[in-house]
Amino acid sequence: MKKILLLSIFLVSLFFSCKKAENPYVSKEEIDALIKLKNPDVEHVALIYKNDVYYLENITKPGKRITNTPGVIKRLIKMSHDHKKFAYLEYYSSTIVITDINGTVTNRLSQYSNIKSFDWSADDQTLYILSGNKMVYFGTDMKLPDFTYNGITAGSTLEVLSASVSMKGDLAYVVHGYHYLYGDKYKMIIKPANKSADVVFEDNSTYPTMRYVAFSSNNQDLVLGYISDSSKPNHINQAYVFINFRRASEYSFGSYNGMVTPLFNESKSFAVTTRTSDNPSSTKPIAIGFNKQKDRNLTGEIYTSENDAVYTDWK
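Quick note on our numbering: the sequence shown kicks off at 70 and runs consecutively.
For the record, the hints were derived by calculation from the structure and aren't laboratory data. For clarity, every value in this text was computed on a predicted model and none was experimentally measured. Note that the Cβ used here is the ideal one computed from N, Cα and C, for glycine as well. Among the clues, some could well be false.
Calculated lysine-lysine pairs in the DSS-like style (CA-CA distance at most 27 Å, straight line) [said to hold, decoys possible]:
(1) Lys154 to Lys185
(2) Lys130 to Lys185
(3) Lys237 to Lys203
Derived Cβ-Cβ restraints for the label pairs, each shown as a range [stated by the list, open to error]:
(4) Gly140 to Gln362: 22 to 30 Å
(5) Thr175 to His248: 42 to 50 Å
(6) Ser318 to Val141: 18 to 26 Å
Taking the hints into account, I'd like the entire structure generated from these sequences.
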């Protein structure tokens, strides 16, 4: 009986020791996830390079050429969140063209004028377009709130310069007001989707001047851009980041020669944009790193342009 009891104790101990030793190593999937968390991939970037649209599933790999019309000057690229649709502006015709992932043109939108910015709704069903001082829609009406000009003197000449909508439906825009007695005023106004009070950020410095606003695909991460040269309205010299409608000064970035269409994603600790330089004269797409992440070039130098801006989008 004693031998049986001792044998039973031995077998029970052996069983539990085996359970404890079961899979003593971390799986490859878990290791990959930890590496990716520490060194996140920069994925799903669209860009206009030498007047053609490219899609990079990962910036470490060559991109897919979407269009093959280099003779048509293109500006502003916006990719749907499912990475299947690409909208860009034909510069001379002021026509927004939408293509699928294979470059097939699905829509040509020539009915809009004075196009300043555009992007896709969170569900990719609507392309919202800032046309003059109005928001118009190709697709389902998003029923965004009207633009207001909080605190700008009555009688001022008013212009909405840029507008963007977050994944949650918050509307942000930059407005410029000019009054012959009081001069220029610039404000960024955010109208939260939950209909709480407007968030107003005012900066009336005359140099550089507020010009650009863009939410990223990450919650409420927002870039507010300033320009130094009014003849180059797409070249952002200073970018301030807002997270959940609050200024996050630790993420500010800029370029003396200008950046084009910057976007910031806190969850990745990167901003994606293009930087221009004088020596040599060029425009190069880049992922700017934060939180100890190093800057990353997009597939080396192959998308560097010597003559024109390179427009980017990141979702």
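Self-check item: Numbers of the earlier hints that this structure fails to satisfy, in rising order
Solution: 2, 4, 6
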